[in-house]
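**Student:** Residues per chain are reported as follows:
Protein chains: 2
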Amino acid sequence: MAVQTVESANASTPAAGSVDLGPAAALSCRECGHRVPLGPVFACEECFGPLEIAYDFAGLDAGELRRRIESGPASIWRYAPLLPVPADVADKPNLNPGWTPLVRADRLAAELGVTGGLFVKDDSGNPTHSFKDRVVAQALEAARAFGFTTLSCSSTGNLAGAVGAAAARAGLRSCVFIPHDLEQGKVVMAAVYGGDLVGIEGTYDDVNRFCSELIGDPAGEDWGFVNVNLRPYYAEGSKTLAYEICEQLGWRVPDQIVVPIASGSQLTKIDKGLRELISLGLVEDRPYKIFGAQAEGCSPVAAAFKAGHDVVRPQKPDTIAKSLAIGNPADGPYVLDIARRTGGAVEDVTDEQIVDAIRLLARTEGVFAETAGGVTVGVTRKLVESGALDPALTTVVLNTGDGLKTLDAVAGTGLTATIRPSLESFRAAGLG
Amino acid sequence: MAVQTVESANASTPAAGSVDLGPAAALSCRECGHRVPLGPVFACEECFGPLEIAYDFAGLDAGELRRRIESGPASIWRYAPLLPVPADVADKPNLNPGWTPLVRADRLAAELGVTGGLFVKDDSGNPTHSFKDRVVAQALEAARAFGFTTLSCSSTGNLAGAVGAAAARAGLRSCVFIPHDLEQGKVVMAAVYGGDLVGIEGTYDDVNRFCSELIGDPAGEDWGFVNVNLRPYYAEGSKTLAYEICEQLGWRVPDQIVVPIASGSQLTKIDKGLRELISLGLVEDRPYKIFGAQAEGCSPVAAAFKAGHDVVRPQKPDTIAKSLAIGNPADGPYVLDIARRTGGAVEDVTDEQIVDAIRLLARTEGVFAETAGGVTVGVTRKLVESGALDPALTTVVLNTGDGLKTLDAVAGTGLTATIRPSLESFRAAGLG
Chain A
7 MAVQTVESAN
17 ASTPAAGSVD
27 LGPAAALSCR
37 ECGHRVPLGP
47 VFACEECFGP
57 LEIAYDFAGL
67 DAGELRRRIE
77 SGPASIWRYA
87 PLLPVPADVA
97 DKPNLNPGWT
107 PLVRADRLAA
117 ELGVTGGLFV
127 KDDSGNPTHS
137 FKDRVVAQAL
147 EAARAFGFTT
157 LSCSSTGNLA
167 GAVGAAAARA
177 GLRSCVFIPH
187 DLEQGKVVMA
197 AVYGGDLVGI
207 EGTYDDVNRF
217 CSELIGDPAG
227 EDWGFVNVNL
237 RPYYAEGSKT
247 LAYEICEQLG
257 WRVPDQIVVP
267 IASGSQLTKI
277 DKGLRELISL
287 GLVEDRPYKI
297 FGAQAEGCSP
307 VAAAFKAGHD
317 VVRPQKPDTI
327 AKSLAIGNPA
337 DGPYVLDIAR
347 RTGGAVEDVT
357 DEQIVDAIRL
367 LARTEGVFAE
377 TAGGVTVGVT
387 RKLVESGALD
397 PALTTVVLNT
407 GDGLKTLDAV
417 AGTGLTATIR
427 PSLESFRAAG
437 LG
Chain D
7 MAVQTVESAN
17 ASTPAAGSVD
27 LGPAAALSCR
37 ECGHRVPLGP
47 VFACEECFGP
57 LEIAYDFAGL
67 DAGELRRRIE
77 SGPASIWRYA
87 PLLPVPADVA
97 DKPNLNPGWT
107 PLVRADRLAA
117 ELGVTGGLFV
127 KDDSGNPTHS
137 FKDRVVAQAL
147 EAARAFGFTT
157 LSCSSTGNLA
167 GAVGAAAARA
177 GLRSCVFIPH
187 DLEQGKVVMA
197 AVYGGDLVGI
207 EGTYDDVNRF
217 CSELIGDPAG
227 EDWGFVNVNL
237 RPYYAEGSKT
247 LAYEICEQLG
257 WRVPDQIVVP
267 IASGSQLTKI
277 DKGLRELISL
287 GLVEDRPYKI
297 FGAQAEGCSP
307 VAAAFKAGHD
317 VVRPQKPDTI
327 AKSLAIGNPA
337 DGPYVLDIAR
347 RTGGAVEDVT
357 DEQIVDAIRL
367 LARTEGVFAE
377 TAGGVTVGVT
387 RKLVESGALD
397 PALTTVVLNT
407 GDGLKTLDAV
417 AGTGLTATIR
427 PSLESFRAAG
437 LG
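Those sequence lines, one after another, are chains A and D.
In terms of the numbering used here, the first sequence opens at residue 7 and continues consecutively.
In terms of the numbering used here, the second sequence opens at residue 7 and continues consecutively.
For reference, chain A alone in the conformation it holds in the complex (with noise of 0.2 Å):
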């Protein structure tokens, strides 16, 4: 990113200085450790690299700790202590969104051979049907501590009815920038909620560099773009899946975890939940395996790990897992890092095992997966036959997304039988 772009991005700081955002003391470098102050800044002036969340944890007690959240509301709201929210986050209005199944998968556990028991997280039941909503939700607090007014941000769909909704409960104006080109359901999705839905002619590529040069001038001034200058708010939201997981095995971290990589934000952040779970000492630290999942149609972030290269080399996406089409992936190395230093892997699949895994959860588990969940399941498939991933081991597999959203990875499914209201023609079709 150009210095330029950096400076003028962080000059747009309406309202930065003492804000409430909880337990949310400063922004710090991920590079170099450099801190400023909370504000609606992403880039480090120091060195560029990436800002995140620091936070002051000084005084909470474990067990007081675990009882305030046991009995908080069935909502990522349960976990404000830990997170850049303000205390009353659920008296406000917003989507409330999380405390999602963590479903005991039984019969996927028997057709891929885990014995240690096998966990899926189904984000799918979020108020607009993917992860996206836990992210949205903290950019919002931030968005509303910061004044702006407007919540907008860069998307091929996920994202952008995530934030189209959280603007509408929030009653703030949304402004969501999108290829031209996208599938027409996706469109519908994200414009019912009333609020501006752009257009660009150009790729996901030229509507991001397009929201950063927005984000410099007057037009963009009071704007909260929630994936750029309110990203390190935003990436906080990812730490929930990990923090809920725990919580619902009992407080107890799993063996491994198998996380969809599309910028790669969400698996450092699920890391970053499980390090500050066994700091705060709410589990107990015992080691444990992320295993990072992409299409092979978009595997920058598997071809480096693979390679035993640090460095990503970026890829041009041709996958139907579009929500992970991301073939520059920001947090790349990061991931590299992780899946190295826990002793985890990097692993894609075809569109074929997509489609397949997505029909083996349906059928095994009752849970429609959007393509998304189709990689990570067969992706953990592809690590037991490896031998990558113990099937003796805990596991749990992240589904993201809702089947409802990419229907057509799965058109060809349909009736297995048509026939006349007759016992006769039932039974000529063999299903007597």
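Watch out, some of these pointers could steer you wrong.
Identical copies look the same in the list; a pair holds intra-copy or inter-copy alike.
[What the hints assert, rightly or not] With a Cα cut of at most 25 Å, we get these calculated SDA-like pairs of lysine to any residue: (1) Lys312 to Ala32; (2) Lys98 to Leu178; (3) Lys322 to Arg73; (4) Lys192 to Val361.
Treat the hints as calculated values from the structure; they're not laboratory data.
Knowing the structure of chain A, use the given hints to seat chain D on it.
**Tutor:** Only chain D this time, still in chain A's reference frame:
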């Protein structure tokens, strides 16, 4: 219903007798009170009236019950002591639906002129994104109790997906019957779980008649049809909507509830649930009004209500609210009775008003409802305008399904503008 159909249908009883379905003690005829043992039967052998569950709630202490519920799982199974299910139901593989958000809808209230508190009970977060998961979950337990190995139903969409998913999770076979010419999206959603999906050359009524025939045939001997021979159990699932609403309001009955009407079963069971909570002492005994909502294109109950009739004259449905399109609703007379007894009403809205209401709910609260949700919100607006609904009282409106399933209803929704990726183009479009 003909005598022969009732008898042959009731004959299919593989394991009737001593079954453990928790507090369910017997089946009782809604018309004549005749009692029979629990079994897969649905029509009274004396008068052909509908059978429903008779409970033994003796020994339940209100304070203890409330504590037990509040410390229970975040699903309908927190109410297991009040449902026809075994006590260990939550440990069995099922979809664990329910405990969906009760959304405080202040922005919608402002638009409708409701001042006494307006809430949307949003059932789109259920596992297959409609309230049908609640009723199928009860039928599944009955199917297990009676030893059925195949779960079946007649459906036009939502129910087919709910049955397919529930059977998959439980490891039962499913065989679902639908009209052969349904929308492709609904077919995919019903087929993806891997059960048999049979298209019937005919209307939904033909599908229903065929299912009744199949129950009396040896081919359907060990089949549990959730909405036919398991209907008394199935229907009880709707009580959980009443339980959750009251608990989420702090164990208080709302003054007014607006419920969609298809067969009318849901509305009658919500009334039953409220009366149970009152008689058990879980909530204060205070008056409440229940309002029914229909689409003008299928408004047999609203028409009877307005005309002052006790009998519902069947209609041929023609509306975009397909999940409510039952022209001859079985529980229509009971709905009329409840609306009149509680001081409520039954109202209907046009397809145009349904679409407007879907957009209104999305724009004000970030909830994307299916057409049935447009019906209840649209009817609420109409009832406030007519004075039938008191805007100064606490009001709960049901959204029973998800907008992603009826995208066509708002297909006109789209991009606000299409621009080139430049600030000049952005300003020229008047967005700055």
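**Student:** Each hint should be assessed against the structure and marked as holding or not.
**Tutor:** Against the structure, the hints:
1. Lys312 to Ala32: neither (36 Å within a copy, 63 Å between copies)
2. Lys98 to Leu178: within (13 Å within a copy, 43 Å between copies)
3. Lys322 to Arg73: neither (48 Å within a copy, 56 Å between copies)
4. Lys192 to Val361: both (20 Å within a copy, 18 Å between copies)
Hints 1 and 3 from the earlier list are contradicted by this structure; the remaining hints agree with it.
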